[in-house]
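What follows is each chain in one-letter form.
2 protein chains.
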Amino acid sequence: MRIRFAPFLIMATSPISVQAQSGPALMPVPAELNMGAGKMRLDSSFSVAIAGFADGRLHRAVSRALTRLEARIGQAVRRDSASGRPGLTLRIRGAGEPVQTPDEDESYRLTVTSAGTELEAATVVGGLRGLETLLQLVSGDASGFYLPEAVISDRPRFKWRGLLVDAGRHFMPPEMIRRTLDGMAMVKLNVLHWHLSEDQGFRVESTRYPRLHRLGSDGNYYSHTEIREIVSYARDRGIRVVPEFDMPGHSTSWFVGYPEHASAPGPYQIERKFGVFDPAFDPASEGTYAFIEGFVAEMVQLFPDPFWHIGGDEVNGRQWSRNPRIVRFRRAQGLKDNDALQAWFNRRVGRILARHGRRLVGWDEILHPNIPRNAVIQSWRGTEYLGRAASQGNAGVLSAPWYLDHQETAETHYLADPLPAGNTLTPAQAALVLGGEACMWAEHVSQETVDSRIWPRMAAVAERFWSPASVRDVDDMYRRLSLVSVSLERAGLGHEAHTFRMLRLLAGRRGVQPLHDLLAVTMPVTFGQRSQLQKTTQLTPLSGLVDAARPDPWSRSRMNQLARRIVTDPKAAETERDELTRTFTGWRPLEGQVATLGDSMPLARDGMAAATALRQLGDLGLEALSYLDGGAPADWKVRGNAALDELARPQGLLRLAGVEAVRILVNRPQ
Amino acid sequence: MRIRFAPFLIMATSPISVQAQSGPALMPVPAELNMGAGKMRLDSSFSVAIAGFADGRLHRAVSRALTRLEARIGQAVRRDSASGRPGLTLRIRGAGEPVQTPDEDESYRLTVTSAGTELEAATVVGGLRGLETLLQLVSGDASGFYLPEAVISDRPRFKWRGLLVDAGRHFMPPEMIRRTLDGMAMVKLNVLHWHLSEDQGFRVESTRYPRLHRLGSDGNYYSHTEIREIVSYARDRGIRVVPEFDMPGHSTSWFVGYPEHASAPGPYQIERKFGVFDPAFDPASEGTYAFIEGFVAEMVQLFPDPFWHIGGDEVNGRQWSRNPRIVRFRRAQGLKDNDALQAWFNRRVGRILARHGRRLVGWDEILHPNIPRNAVIQSWRGTEYLGRAASQGNAGVLSAPWYLDHQETAETHYLADPLPAGNTLTPAQAALVLGGEACMWAEHVSQETVDSRIWPRMAAVAERFWSPASVRDVDDMYRRLSLVSVSLERAGLGHEAHTFRMLRLLAGRRGVQPLHDLLAVTMPVTFGQRSQLQKTTQLTPLSGLVDAARPDPWSRSRMNQLARRIVTDPKAAETERDELTRTFTGWRPLEGQVATLGDSMPLARDGMAAATALRQLGDLGLEALSYLDGGAPADWKVRGNAALDELARPQGLLRLAGVEAVRILVNRPQ
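Line by line, the protein sequences are chains V and H.
If you read the first sequence in this note's numbering, its first letter stands for residue 2, the second for the next number, and so on.
If you read the second sequence in this note's numbering, its first letter stands for residue 2, the second for the next number, and so on.
Take these hints with a grain of salt, some might be off.
When chains are identical, the list treats them as one kind, so a pair holds in a single copy or across two.
Said to hold, decoys possible - Taking lysine to aspartate or glutamate pairs in the DMTMM-like style, the calculated list, with each CA pair at most 25 angstroms apart, reads:
#1 K40 - E121
#2 K274 - D518
#3 K638 - E575
#4 K274 - E575
#5 K337 - D279
#6 K274 - D607
#7 K638 - D579
Just so you know, these hints were derived from the structure itself, not from any lab.
Taking the hints into account, I'd like the entire structure generated from these sequences.
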């Protein structure tokens, strides 16, 4: 780590400097880190001694860690409880909670000396976190592999650090869930929020109500066996699985098999379009609650987590207002509007959950004066709902800044905070903010593209949830993110190979370098833009250029970094000027190359608008660079910014990643 | 297809020329193909009409084909039985065999006109084959996607076209089997030979003998559910699943849980080394046959295929010779040696299999005068065993030329033949040669590297098994292989992304271009060389440069092609000379670049020897090119060939892919 993290570092007398692009990349940054100059060599004599508590979960975790270590160093290590000095001694004090909760102790202490490594933790989960840090420390030099001397004392800032996977809109097979859990564990996330039902699909086998999965899923659902295996797989990695069964809205797929619980007669079909739809559970029928209770009773056998997510978002109330029986019921209960009726429904569901030992979580629409005090509010419409929840005593989890489907940059996600600086919460209220969750909504992702949307940005979000609040250096985040992104590939995640692979499939052949060059400096349009421009449905193949593009190409932060250095001191930044000049000049031939490809690859033609705009942006950037020494014409800033405003718009379904950098150059103080 | 395939083409009046790197790449080449100039446009109005027989298997196949078509053209097509003229009309005459056998009718006829497509077949399996051809026909031009006019009448040359997957030495998870089956279906293979037990692992759950999987598998085995799903997945793709449970040798893992059936007392442990080991079933004990019968009775419930592979290879007989009871038994039976004892064992097992309705298959060691006439001999030690089998009336399957672990080129595999030209078999004997199987033995592959070893070479082998014998144009094979290789990625196969991914993991970061450049022109040492040089075990991580390399890099055939054109007419081949000059010159800086990477990436240092040898080879190639016009010194050929002999040796664990090309240049007729 760099010295700029000094508040969280106790620097040793001989701190080692971590060179860019090599050496360890700890992500999330530990709470306390103290690095020395020594090295503990890693070779086939490495072994692990378990000196404290051990159980099957710990043994399996050690075995997995050793397999990863072996792959990294290219040698098998010792798997027996070795004689001689072990490379790693584990001192775990206990198993931790039988069912993991947000209060699990995840802290650990890792000490690497040239003679050996010790990992201490109160719980197995703490041990898991420490093993991940240890693997991130593995480094190489001309003599081989080693662990750098370090003393790390680490614990999470937030107790709820989650990722929502939407398997409803596009099904995500068990392999995707497993590799996602592996990636999550590598960056110390601890909650998989599994969005299991949607208008577009019901994804869980129900033996009690089999028409749910038989009629509501197109055959794409998780069997009981698969769910049990995934929950167990997650627990082995210190990750809770919180199921979400969205109700009363976002529920069309339930009613294909069970129309009698909807608020209008039906029949219903699986919804193919995306958006907010009318179907909603009938809140005025006792049958609805009996059905839900039967369903909950079955599902709690599969999902041991103490929390249960009821959804509760985006209920438009139309079916309720149009059904005289429901309107009468609402009035009879003294409920003034459909919001109050939904709150009444939520309380009923909350009582069912309480009977089955589950605490209710819901999207921020459920925040209502009558919501039970132990309900958790997940804020998606804005950070302010967490404060409101806290002020009425409800715990909260923040998601609004971390919608991965919005195609924002890692930087944007990284600088958001569940407890932003300057928030006005009292310490007691702040303690009710449990943490955050990034959301991978699946309108625009399939199992083939989803890795490229989640990772690597998710690792930056994971750092926000784990590391001290003052860890906010964006350039250093990107340096480490680049390295962690590669290590995440070992879990089988496809984000790094994604663009080339998708381009080969799109083209039907190898030799797609011009398209790759284009996507290296462009990114998908935002969720809102794509929804407007393309009108996708669940059946739209996600195999276009926009799907091959990456949400935050590495070039974006690099170009911004170069531009910032240049405007800070144009004279000193000769290398940076050269690099940007080469970059901008390199964009010129793409327009012709992409046009040529388009003659035999129809889907390549979708890149023409971006290739043309890219040439214009490059020319603008070159013009800006040409004014660095001599000064710009009088109308330059106005003209340049106007051109940039145009170039910042969607070009087809792509956006240019270099607009910010050129804007920095255009607007430099003269 | 090119005109050179004329024996199998009935050319239309306006044949279209298929340009290199674009247009359709049919692989395997159909038996009869007639292409026209028209185009049938593909867009969202495309639909499928089923005019003949249909069952669930056909409907699922059509649905999968439409999903792939949609991904290819970037548009959803119509899934309803459409009014108006359908894009494709299916006329299937019947379901085919309830359990697929080698006699299944796989023929089909595909007619594409500008107005629509018809696919006719006697069976659903024939329909599956035709759908794959149809998807390979999809082409693009400046107006969009289309199918070219064609009349294709197609049927396989051999009825047994297989791939052996060795899940014993390294476990291959169900996902790997599924994506492999998808790839197999795309190139019309029809047998998955599943090698399920080995010294190093027993991979099937047995409820009857649970210590088999519990003690023999390290926890890596297929559950009954997984096997049933895979067998059904394979049947949906027209692929038979032939299980192999190797006996009496290669059986250590059985004896970890059941030592009483071995020929020496034990105890036994899972074998970690590779090779031929002593443990073998006790052929003299009735308990052995009762055990085997119990096992077979359980397994035939999972594996419906009429064939059952007993292995039978590499029995060293040591345990038998050392056990006086077994020696006495052998003599009492009048068996002159251990080979005869093994034949006796095979007959007993064959009778068990016959009772359970299964036909015995075994490796060529089982070929013995006493083997039952309906046993199938799989020849691995040489082509001659097929002839011997046929001469005594046994059917045979050839594998000897297709050992994918030997790291041979696609070209070598392609030119081998189950019935080579000039063979001396009678027509009746030739009819006993059912076909061939490529073997992916797993000493040196893991689930992470296996795709890169199987694919794309396997597609060339598949063509050998399906297409007419005279389809042997190597350059055209490579042209089509390159395109098919990309389409295989859609099945989730990782061979194309493999090298970059493995290099990132090896380096721990992006920015591995020099290593990629090195691997683009090198290939792994052969199986024999690696076994000698590295002494791997089951526990050796397969994450080195050699594992990132590809068995037959595209550059090899390209360089050979260039060199052949140059020596044919040096004056005319200016472009080719330029390309080879650039190639050879480009190798010079790699030595220094790889050395620099080695300073922080220990595993990159394994590339040093190859980088140095590559510079030497490049210099030799440049020298050869320099003599093209003026003539070479007197000692040039001798000196050049001697240098090439050195450079052809393993360089670390890599071989140089350019040695052949330079040798062509060195040895050109003056």
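Against the structure, the hints come out as follows:
1. In this assembly of identical chains, the alpha carbons of K40 and E121 lie at most 25 angstroms apart only when taken from the same copy (20 angstroms versus 69 angstroms across copies).
2. In the homo-oligomer, the alpha carbons of K274 and D518 never lie at most 25 angstroms apart, since the shortest distance is 33 angstroms inside one protomer and 46 angstroms across protomers.
3. In the homo-oligomer, the alpha carbons of K638 and E575 lie at most 25 angstroms apart inside one protomer (23 angstroms), although the nearest pairing across protomers, at 52 angstroms, exceeds that limit.
4. When the C-alpha separation of K274 and E575 is checked against a cutoff of 25 angstroms, the pair qualifies neither within a copy, at 52 angstroms, nor between copies, at 58 angstroms.
5. In this assembly of identical chains, the alpha carbons of K337 and D279 lie at most 25 angstroms apart only when taken from the same copy (20 angstroms versus 83 angstroms across copies).
6. For a Cα distance limit of 25 angstroms, the shortest separation of K274 from D607 inside one copy, 23 angstroms, qualifies, whereas the shortest one across copies, 53 angstroms, does not.
7. Taking the shortest alpha-carbon separations for K638 and D579, only the intra-copy value of 22 angstroms comes in at or below 25 angstroms, while the best inter-copy value is 48 angstroms.
Of the numbered hints given earlier, the model fails hints 2 and 4; all others are met.
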